Amino acid sequence: MLTEKYITGFCSINNGIVAKDGINIFAHESDLSGLLLAAYQHLQLTYPKFYKMDNLSKLGWLAAEFLLKDTFNKTEYQPEDIGVILANANSSLDDDVKYWESIKDVASPSLFVYTLPNIVIGEICIRNHFKGEQAFYIQPEFDTQFIAQQVGYLLDKNIMQACICGWVDVFEQDYKAVLFLVEKKKTDKSVVFSAEKMDEIFNKD
Amino acid sequence: MSNINEISEPEVFVVADNILSPLGKTTAENFAKLRQNESGVKQHTDVAISPLPFFASLFDKGETFVKADEHNYTKFEQLLIASIADALNGSGVDVRDKKTVLIISSTKGNISLLENEVVTDELKERVSLSTSAKLVAEHFGFQNQPIVVSNACISGVLGVVIAARLLRSHQYENAVVAGADVISKFIMSGFQSFQALSAGPCKPFDKEHDGLNLGEGAGTIILSTNHKYAQNIKVKGGSVSNDANHISGPSRTGQELAGAIKNALQEANFTPADIDFISAHGTATVYNDEMEANAIAISGLQKAPVNSLKGFYGHTLGAAGLIESIISIQSLKQALVIPTIGFTEAADPEKVNVCAAPLRLKANNFLKTASGFGGCNAAVIFGK
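Top to bottom, those sequences are chains A and B.
Going by the working numbering, the residue at position 126 of the first sequence is 265; the numbering climbs one at a time, nothing skipped.
Going by the working numbering, the residue at position 336 of the second sequence is 571; the numbering climbs one at a time, nothing skipped.
The set of hints was computed from the structure by calculation and includes no laboratory data.
Just so we're clear, the structure is a prediction, and the values are computed from it rather than from any experiment.
Under 7 Å between C-beta atoms, here's a sample of chain B residues computed to sit facing chain A:
{"no.": "1", "residue": "349"}
{"no.": "2", "residue": "354"}
{"no.": "3", "residue": "364"}
{"no.": "4", "residue": "425"}
{"no.": "5", "residue": "429"}
{"no.": "6", "residue": "476"}
{"no.": "7", "residue": "477"}
{"no.": "8", "residue": "494"}
{"no.": "9", "residue": "608"}
Glycine residues also receive a C-beta, built at the ideal position from the N, C-alpha and C atoms.
Generate coordinates for the entire structure from the input sequences, incorporating the hints supplied.
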């Protein structure tokens, strides 16, 4: 028996705009670093780890913050039941180049640790205390069919009960993040989880 | 929760495999070297990789793995191609069948290309794991878009877990899971900056463990749900978890890896007593080994013989989970558990039963674990 699955929220950071559930909540005209910092300040948080992150982690972490803020009640779930399944095209290349530049002087462990794309998953998990399934895929373009199949299977099999899935990609000034919160419950604004729905939301920006 | 979905889930069989490492070009060659206690880890002096001499398991410089290469495949791609070609040879699996999928596991793929060139759009494309996966898929004629997983040091085990799930959910009938990584200055300097490397051959789970050795290699496991392989070893269960603790240090408690082990056991319908031996991640860093020892003890597996193969291969990153699973599959077949080279006296004797000498063991099932940066953990169980 297949479980009913819903997108109970989504968040995008693209073209200088942070939007949640299709509504623009924050806009900032500047380079990527400026946007990320301004978005962080907009949240009015004290989370010093943010400043240590590379741009890929900052982008994914922020998208998750906006996605979950005020609407996600994590106490409804066990930490082990929440998963994070992400994909992108450029892996950690943005930080790879920066790390390689650094080694001409002294190799920086704080840059090296971000030379893995899945670190952004780690950052989201640390922040939200998520301990469930995870995977980071490298895809030429966001493969919503594949992600929907993977997430659907893990939810159907009760391997997880809720999931953040989506796309987080950065290289220099090119970036895009679109994250989806997928749960097994209907809410006021929820839509049925499907590849087509993810495509529609992803391509809107 | 029992339902039709579960009842109709097929079993996943291991069809064939390959290890391509400095110790040999086939699984048989590799297992023979391990039986003779021969390690690939040696001292190297190569300023292109490190200003100081270092211990690692590396291929000979300039060695090529694909004959008559008209495509200028990189070393990374050559390793994948050669490993997949050997695994496929005689396997009966048709890569041109729409029912067959290719899964590639790697942490850094072609990253060494960054070292000598300016970053242009062309180089960006060439470095991309998707490009390598496409080239490898085209080389063999796979019909489906390959799946690429890059999840730090669990990439290899995760590749197997993902493949098993895709097959169980009837998405495909066959999966070719291949992993590889190549050691260059980029990776070496990073591990050096972390002070994660041992100055000598690594000593997994030993009192004196003081860091890891890096290694290069490729591994391929072909899986299928086709009943013609029903007599083969099976993938019984698998699971993945996150520590939610620290991006570059493992959990202090091991609770989260233990969680992945518990879920893998549950999927296999096993109790801890069903696990005959464990192929641990065992990198020989103090943090990793302690965390893993804790996880093994929490899981009620402290009596099960444990080995780490890092003393033979070094840490082969995205290939590690595959190479170490394949050796352990041979251990099931040949009733011989390979010892942990470099180990003499246990750092955590109450928590892990480290296998120090070759062990004759009629084993039915083994557990393979892996953990990596970003707080990721994975566990997979293979069995008869």
